[in-house]
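Colleague: First to last, the protein sequences are chains A and B. Residues 1 to 207, numbered by full-length UniProt numbering, are exactly what the first sequence covers, in order. Residues 1 to 324, numbered by full-length UniProt numbering, are exactly what the second sequence covers, in order.
None of these hints come from the bench; they were simulated from the model. Keep in mind that the hints are not guaranteed to be accurate.
Claimed, not checked - Okay, derived cross-link-like pairs now, BS3-like style, lysine-lysine, Cα gap no bigger than 25 Å in a straight line: (1) A:Lys48 to B:Lys105; (2) B:Lys141 to A:Lys57; (3) A:Lys47 to B:Lys190; (4) B:Lys127 to A:Lys47; (5) B:Lys190 to A:Lys48; (6) B:Lys104 to A:Lys57; (7) A:Lys48 to A:Lys133; (8) B:Lys190 to A:Lys120; (9) A:Lys57 to B:Lys105.
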Amino acid sequence: MLRQTSRLLARSIATTQQPIRLMGARPMSTNMPATPVEDSTFAASWKKVAPLIDPPKTPSAFMKPRPSTPSTIPSKITVNFVLPYASQLTSKEVDMVIIPATTGQMGVLPGHVPTIAELKPGVLSVHEGNDVKKYFLSSGFVFVHANSVADIVVVEAVPVDRIDQNLVQKGLADFTQKLSSATTELEKAEAQIGIDVHSALNSALAG
Amino acid sequence: MAMAAALRREGRRFASPLISSQPITHVRSSLIPGEHVPLGARSISTQIVRNRMKSVKNIQKITKAMKMVAASKLRLIQTRAENSRGLWQPFTALLGDTPSVDVKKNVIVTISSDKGLCGGINSTAVKVSRAINRLTSGPDKETKYVILGEKAKVQLIRDSKKSITICMTELQRNPLNYTQVSVLADDILKNVEYDALRIVFNKFQSVVSFIPTMATVLSPEVVERETESEGKLGDLDSYEIEGGETKGEILQNLSEFQFSCVLFNAVMENACSEQGARMSAMDSSSRNAGDMLDRLTLTYNRTRQASITTELTEIISGAAALES
């Protein structure tokens, strides 16, 4: 009888644990990305040509699923702000972002229309309550999605308070001189880009 | 006649050390007494085992050092790879993931390492690339390879020499940054015509697991076509496009930027996988060397002990024979 108790005990524990484990597993399974429709066709055609190798994963398998578009406009906008060497903001909920698009400064609030915008050198400001964070961006893209998620992909960004005024002035002078002495089209274009960036930096510091 | 027999015996005696130059892996068999020992020798020579032990010990030292180097490189590159993971996600969210898109000109960008001794990551990348090649090939379609890294080049040049357009090697000698990768991406985009770029790399999961991954980047024309045909990119039509003269121009910039970002992440992940694979490969080989060394030491000691015992027995029995 006693010999059986441990087994019985283990079973009773196992049965009580079962629902708990399931509960634990369920949020995990919803965290898994919903497999897109085209993936199955890819897997099927892969099976035909290479039945012995597993089909390679695709990027969507590693991505957190994006929230679906809510029926009401949320009060906050979710911002992903990424650089090649870091993720500055990851799914951070803020009130507003102001973006230096090529067409002009663009304020993005929750419920903004879906937009793809190219960026020019300028200041990105992230408003969170009374707190405003300012970054100077070099260039990149912004995607605003219908579900009030804004993705900001930028090649280089620095907080504005870490820019040195003297170096900016010096760089501006350098590039102005380069533009005047430039002979080829390429040199001219390079100098022009330098001037654009430095004058944007200058106005960022002034503003 | 007797002379000839003596000469023959002498010849065998001289030839026997020469014949004994068997592959050194058969250490145990070469130790069977009487077979390779010159006639008249008393004890068994342990020279071969000693040499073998020395070489195994040296190999173990080398693999241990390589493991250490890989571990320290891995630590550096792992943070960089993890930080670069955010970069491609916005593009996948916007343009979707289209592995099964059907286009005419496919370019497979295979990313591999320059150096070997890193497990199977390069052959996995090559196998996957070959399968994608089969998958995308068909009448009036063409598939080209762009190869990054020496090892995939060596493997792919055998069977698909004609379809390799660009080969780039020695990427990982210095740590790469985004600027270098975007120059690389620019180089690739200038030199190949493509409808879809398939980037094949090993994504770093942990030190012992790497996931072969294929990222797809579509050309602006294909993006536009797919959008118009309400295909996989139907959502893109609902987006307002700011800046640029035309939609095509923006899409061009977008897909080039996407390619450089995806390539940057892929190169980082692959470098990270390489170091991880090398670390685990070197770890297992130094463990194997240790096992082999143990076995050899056992054999060596046993043989030595046997010869000592034989000598002792001879001495004792000789003494006993004298006494009686």
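Colleague: Indicate, hint by hint, whether the structure satisfies it.
Modeller: Comparing the hints with the structure gives:
no. : hint                 : result
1   : A:Lys48 to B:Lys105  : holds (21 Å)
2   : B:Lys141 to A:Lys57  : holds (24 Å)
3   : A:Lys47 to B:Lys190  : violated (33 Å)
4   : B:Lys127 to A:Lys47  : holds (14 Å)
5   : B:Lys190 to A:Lys48  : violated (33 Å)
6   : B:Lys104 to A:Lys57  : holds (22 Å)
7   : A:Lys48 to A:Lys133  : violated (53 Å)
8   : B:Lys190 to A:Lys120 : holds (24 Å)
9   : A:Lys57 to B:Lys105  : holds (22 Å)
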